[in-house]
Structures are given as C-alpha cells and as structure tokens.
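Participant: The listed protein sequences correspond, in order, to chains Y and V. Here the first sequence stands for residues 1 to 434, numbered as in this note's numbering. Here the second sequence stands for residues 1 to 434, numbered as in this note's numbering.
It should be emphasised that the hints constitute simulated quantities derived from the structure, not laboratory data. These numbers were taken from a predicted model, which means no experiment stands behind them. Wrong hints could be hidden among the right ones.
Since copy identity is lost for identical chains, a pair holds within one copy or between any two.
To be verified - Each computed DSSO-like pair below joins lysine-lysine, with the alpha-carbon atoms no more than 27 Å apart:
1) K428 - K93
2) K117 - K12
3) K2 - K52
4) K428 - K393
5) K93 - K2
6) K95 - K52
7) K127 - K2
Each chain, letter by letter, is given below.
Protein chains: 2
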Amino acid sequence: MKIVSAREFDLKREVEYGTPEQNETVRRIVSDIRREGDAALLRYTEQLDRTKLTASELRVPQEELQAAYAAVEPSFVTAIRQAAANIRSFHEKQKRNSWMDWQPDGSLLGQVIRPLKRVGVYVPGGKAAYPSSVLMNVIPAQVAGVPEIVLVTPPSTNGGEGINPYILVAAAEAGVSEMYRVGGAQAIAALAYGTESIAPVDKICGPGNIYVALAKREVYGAVDIDSIAGPSEIVVLADDTANPVYVAADLLSQAEHDEMASAILVTTSAVLAEAVQAEVQQQLDVLPRRDIAAASVEQYGAIIVVDSIDEGIDVVNRLAPEHLEIMVQEPMAYAGRIENAGAIFLGPYSSEPVGDYFAGPNHIIPTNGTARFSSPVDVDDFIKKSSLIYYSKEALLQNGAAIIELARHEGFEGHARAIAVRLEQEGKAESDNG
Amino acid sequence: MKIVSAREFDLKREVEYGTPEQNETVRRIVSDIRREGDAALLRYTEQLDRTKLTASELRVPQEELQAAYAAVEPSFVTAIRQAAANIRSFHEKQKRNSWMDWQPDGSLLGQVIRPLKRVGVYVPGGKAAYPSSVLMNVIPAQVAGVPEIVLVTPPSTNGGEGINPYILVAAAEAGVSEMYRVGGAQAIAALAYGTESIAPVDKICGPGNIYVALAKREVYGAVDIDSIAGPSEIVVLADDTANPVYVAADLLSQAEHDEMASAILVTTSAVLAEAVQAEVQQQLDVLPRRDIAAASVEQYGAIIVVDSIDEGIDVVNRLAPEHLEIMVQEPMAYAGRIENAGAIFLGPYSSEPVGDYFAGPNHIIPTNGTARFSSPVDVDDFIKKSSLIYYSKEALLQNGAAIIELARHEGFEGHARAIAVRLEQEGKAESDNG
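Looking at chain Y on its own, in the form it has when it is part of the complex:
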C-alpha cells in the first residue's frame, strides 16, 4: 500500500456502464417482456437461467420460505433477527407525518406523505446473494408503510439447487410475503411493466449485475429505481492514537469487496502510516479473498500523510467517501466538520462491518464520491408527497390581483382568467350580499 501526500493522491475510477451489445440485449429483453408477458419471462428464464418453469411455478410458495429455516444454523437466525430488529428500530425514527398549516384567512396548506403502494426488490443469485442486502432494502420500505413488497431472485445458478436458504430466511424475517423466482433483465422488466403472473410495481431497488443495472436504467420513468451502485470505498482518518491492527483490518474489509473498491488511510502520523502499511501486508497474506483485496489495495488504495487533522478533513470532504471511520483521540470533535461522507463511524470500536451488518443504519450508501449530493437509503426513498392547497374565498379575493399580475407577466392569460372569472363572480356576489 503506497504512502503519499494529499497533493499526490487522486482517486479516479472509470465506471463501466455496459457495452453497446449489453445495452442492445437488455433493450430486447425488456421489450419482449413488455409485449409478451409471462411467455417471454418463462422463455428467458429457461434460456438464461437454465430453469424450465411454468407460470404457476414462478411464485415462491410461502411454505418454501418457512422450510428454509431447517436448512440454516440457528445461530444465523438469531443473528439476522437481531440485525433486523436494529435496522427496523433505526428506520422507525425516520418516519414523518403529513402536516397541515391553517392560515389566518381560513386557507389550508400542507404536505400529504404516503408510502409507495408496491415496491420490487431484486436479490442477486449465486455467490452475490447477501441476506443483509435483503434486510437493508426491504425493511425501510416496510417501515415506510409500503403494503406490497415483492422479491425477485434467479431460480438458481445451475437449475437444480433452488434459492439460497439464507436469502429465504432473511426474506421471511423481513416480512416479505410475495416472491418470484426470476432474475436478470427479464425480472426487472416484469416488475416494471407487469406480466400475467407479476403485477407491476412503482419502484425497483436492490443490487444486481450489469444486465440488471442496465435494465433498471431502461425502465426508469415507467417506475422509479434506486441509484445504481458504483465501486465502494472506505476512508479512515486517524491520528497516532489509532491501533494499526484495527485500521489495517478495516481497510481490508473494504478492499475484499471487489477489485475496484478503494481503501484509504488519511493520517497525521508517519509512524501509524508505516505500521498500517506493514499490518496490511501481513493480514493480506492470510486473507481468503486476498487476490481481490490485493488488487484493490494496489490500484485504488493509499496511505495519505497529512500535516494536520484540518488537512485530513479537507481530503475526506474532497473524496466524499461511502464509509468514513474517524479514529482519533476525540472523534466527536471532528464529526461536525465532515461535509461529505455517506456513513461516519466514530472511535476504535465502530468498525465498518458493525454498520454493514448490524447496528441499524442502512448499508446502501452513496459510492464513488456521490455522497456530495446523495444519501444512504432510508424511509424517505419509499414515500411520496402531495401538496395540499385549500384556498378560502377570502384568500382568493385578497390575493387574486397579485396572482393575475404574475400570470400575465409570463404570458399565460388563461391562468389569469381562471382567477379573474372567480373575482368577477364572487366579488359580484360579495357586493350583492353587502
């Protein structure tokens, strides 16, 4: 892991958005599903997932979720149940009420806040099937009050062993009642436009491979989508009080995600820098995913030595990392100066995996510098707002002239007249009464 100055370091990762061929494939699949419904969905499932299903087999029966409990360790159930409770509790605190504001003239203004009606969650198959992602996508929607949450996941990787039981248990714990064994771009299209077997949703979220990501982009507009995750990153901001063993372990926990992940230490201490450099090498040697982690550290990892915590904070704000750990003597004293970071972990015991799996805040966090303008997934992602305007007669008579003035300046005489006809009729009624 190279040691550099703040000036020398620039994190540039060019993200791949799919080849023209991949885009073409996805457009064809989406259009076929839209036109042919179940027939195309079953055909692509056979062709791409090598699983021959009938329409009635698409839906995963509730008993299959329950049966999965027998296939997983009780300690897993206990752990996922605790995690789910923590995630639910944190997201409950984000709930908001509709509000109204009565004006002195009898008018009412407000915002009505409602859950989306139906949300689809994509869960990848195979090795990328993560129970924790099921919780992190489903629970915020559920807390928001979304009445229908639908999971889709590929039938299996080799056409035999069925859906990963850990995923089924996570789905059951999260409270999912509707689940289909379809994956890929065809699943996204089915969720967006509906088929005979799957009713269309209002929003699609959840991670997936490049075909899933391209399909989400393709259907955006017909439905809402979550943001498409880029490569992930951690920045650790540390002084000489930090434990190099912890710092190195946390950097590697990010680096093992994928080769484009980035793990960066920003430190005021040259001593810590060297100690972490040595520790990373030592821990890397015995890590099961060492090839991935080594490639990540090599290409996108760095140890940046800064002159002061202030300079370190500037570096952090410029990088706008997905995850930031602050391991300095008094971390709370600096948290308030972090402008850009998706999740901020404070002190020696707040290792990133605490947030990835367990503490409660969402682990779906803006990546690749987008924390500058976006936020971790939360309950707000599953609600919609309507403005409410009840204008009293008094309010209209009082303000009608100003509204007409503004409409005419924009050349919208029709707008002006909608007000003017009321002022005429009601003003006249007023004088008739008066």
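Following the hints, position chain V against chain Y.
Facilitator: Using the frame of chain Y, we list chain V on its own:
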C-alpha cells in the same frame, strides 16, 4: 372536448427524448467544455447564442440585478415579493433536524442532515423565461441552507437586449448573488465540471429545452440533477355542485401550457359535463394562446363521466395527475383517498394558478403519471444525509459474535476479522483488568 366513459379513456403521451443527432451534439459540447473550460464556453456562446463575451463578462454584476428594478412595474415587484414570502414560509415548514439516539450500552446512532454546498439553477431565455420558476427552484435550496446558489441563463436571444429584467428581479428577490450569462448544454456542462470562471456545483435544476435536458442527463453522476419534466396535466374531479365556468377556465389554464398538456374533467354529473364542454369552447375562442390550448384539448383533453365519486377517485389514482382539483360538495372528505397526485387543490377557490404562482407549495410537480412514485420539489431535494455510528466497547463485545456470524455467511472473512481482532484484543484487555 370529447365526453367519454372511464373505460374508454387512456392517456398516452409518448415523450421525445431527443434525436441521435441532438444527443451527439450535446455530448460534443459537454466534452469540449470539460476539456477546454472557458474557451469552449465563450466559443459556444458566440456560436449558439450569438453573443461575443470575454471571460470577465460571463458573470452578471450585482448592479445589473439592482438596475432591473427600474425596468419592471412596481405592482410586479409587490406581487413577486408576496409570492416569495409565501413560498419561503411553506418551505420553512419542511426543514428537518439532524437527530441522534443514544443506546443504553453507550452507543450512538443518528442521521446528520446537511444542505448541499453549491447548486446551479438553469433559467431559460426568451419567451420561456418565467420569474415564478426562479422562485420555485431557488427558494427551497435557500431554505435548505445551500450557501451557494448559482443562476445561469442565456445572454439574450438576439445578442442585444440582455437578460429579461423580470428574471433579474425574481433572482434578486430570491436572494441569488451569483449569476452567469450562459445557456444551453454549454451552461449545464460548465456547472457540472466547472471552468476557470464558474466553479462546479453539486446539483443542477431548472427547466430548459431539449438540449438542456439531454445535457443534464449526460452530466448526471458527476452532479445530481432534478427530474426532467414531461408534459403537464390537470384533472378536475367535480360533482353537480361545481361551477362550469370555473372548471372550464381551470382546464384551459393547463391546456394553454403546451400542445402535449392534458386537461381532464372527471365528473359524476352528465349535466356538468355538457356545460363544461360548451364553456371550454366559448372561453377557448377568446384565449390568446387558443391554438396551443385547442390542440391540447383536442388530443389529450377529455371529459370522463363516471357513475360515482368512488369510480372517479379510481380514475384519478390511475392517472396520477400532476395537478388535481377536487370541486365537490365536501372536498376534504375525499382528499384522504387520493393516493396519486402531485398537488391537490380543494374547493371552488383553489384554482390551479393559485398554486402555480402564489400560495407557497412548489409548482415543480411530477408529471406524466410519475406522481405514483415521486414528489413535488421541496427542501429535501437540497439536503444530503450521513449516517452516524459510534459503537461503544460494550456494544462491540456484546454483539461482535453476531456480526462475525453474518459476515462469514456472506463469505467476507475480512469483515469478520475486523471484528474478531477487536474482540481478541479488547476481550483480552478485559480479562487482564478483571
């Protein structure tokens, strides 16, 4: 305006997303600005806006904003000032606080809510320059606490008369202090990537022509963008107590926007249906923008007669209109059953222009059925959230095993070890002390 049943009606408007040539042009402009900065910006401004500027002339001096007050009617200033105060007051009520939650084990979880740092607002030139749009984009950002709000607008349509003074006054009233005379895709690129004269922003919003819309889509990811507005619509839900003159005037105020706008009456009353049909024709004949409004009414307008208010509400929820007016005997009794509508106007005096210009809620509202899953612009569009996690030693010792369990099930041994090294060292320290 045709009278139809609910079953017969389907609102389909295919929205144009730009020709391949337009997309190509925009990509070239964005890439040139990104590479060459001011030089390309000035070149495109000369070429496309026929205005030759030097870099130092790009910024509109504060005195020019002040001078504009002399060029507009005092009644306009009064009206826009009242509107700005109402908009500010409504949006103030949307502000949210960061929150923290201390756990019994000494841990702290929370959400930090911060304004974006720098936002760019596009204001179209020429006839599409709407002072009300300036207020509706700038004020929510300002209320959110965004410290730097930058306006860009084309220098002028014919290279002579300068920026519309009504826009300048609206900008001054909204409190904008930084403004540049650049427009089109080149302005969007300059905001996204920055040039020598214009610092880059975190988010770009505001309406524009197809080149502006395509450029926003092109730079999305480097910055956030607002949603790209589709064709606009109004639905009026009315019973036999509604005044057909008001209903017709409100339908036309929407229809005059553009030919793709849609104005729809949903009513339980066949008598009202015919009266509104006649009124629309009569008012249309004397409307300055009658060609546009007539084309809209002809293609996308309808009067839908329903058997009951319940059926009417179903139609509304299916259409998910941008604007909904409820003109029935007791409108509040039905507002709670509207699931999908961007803005809901209640009763005979809440004509749509009340909301377009004046009452306070935002007039930038999801169009073309997207109210199913999205919301009017508000303060939330200009904030970002960071999760905050401070785990105590006690919390880690207590929950570490569960975190390790979950990480190992996902094959992330590096994550598990980041927790395990702490349990070893701290657990050991515990027993050393004990």
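Participant: Determine for every hint whether it applies to the structure shown.
Facilitator: Going through the hints against the structure:
1. K428 - K93: neither (52 Å within a copy, 36 Å between copies)
2. K117 - K12: Cα proximity of K117 and K12: across copies only (22 Å, versus 39 Å in one copy).
3. K2 - K52: Classified as neither: same-chain Cα gap 51 Å, cross-chain 49 Å, threshold 27 Å.
4. K428 - K393: within (13 Å within a copy, 74 Å between copies)
5. K93 - K2: neither (42 Å within a copy, 49 Å between copies)
6. K95 - K52: neither (43 Å within a copy, 52 Å between copies)
7. K127 - K2: So K127 and K2 fail the 27 Å test inside a copy (31 Å) and across (57 Å) alike.
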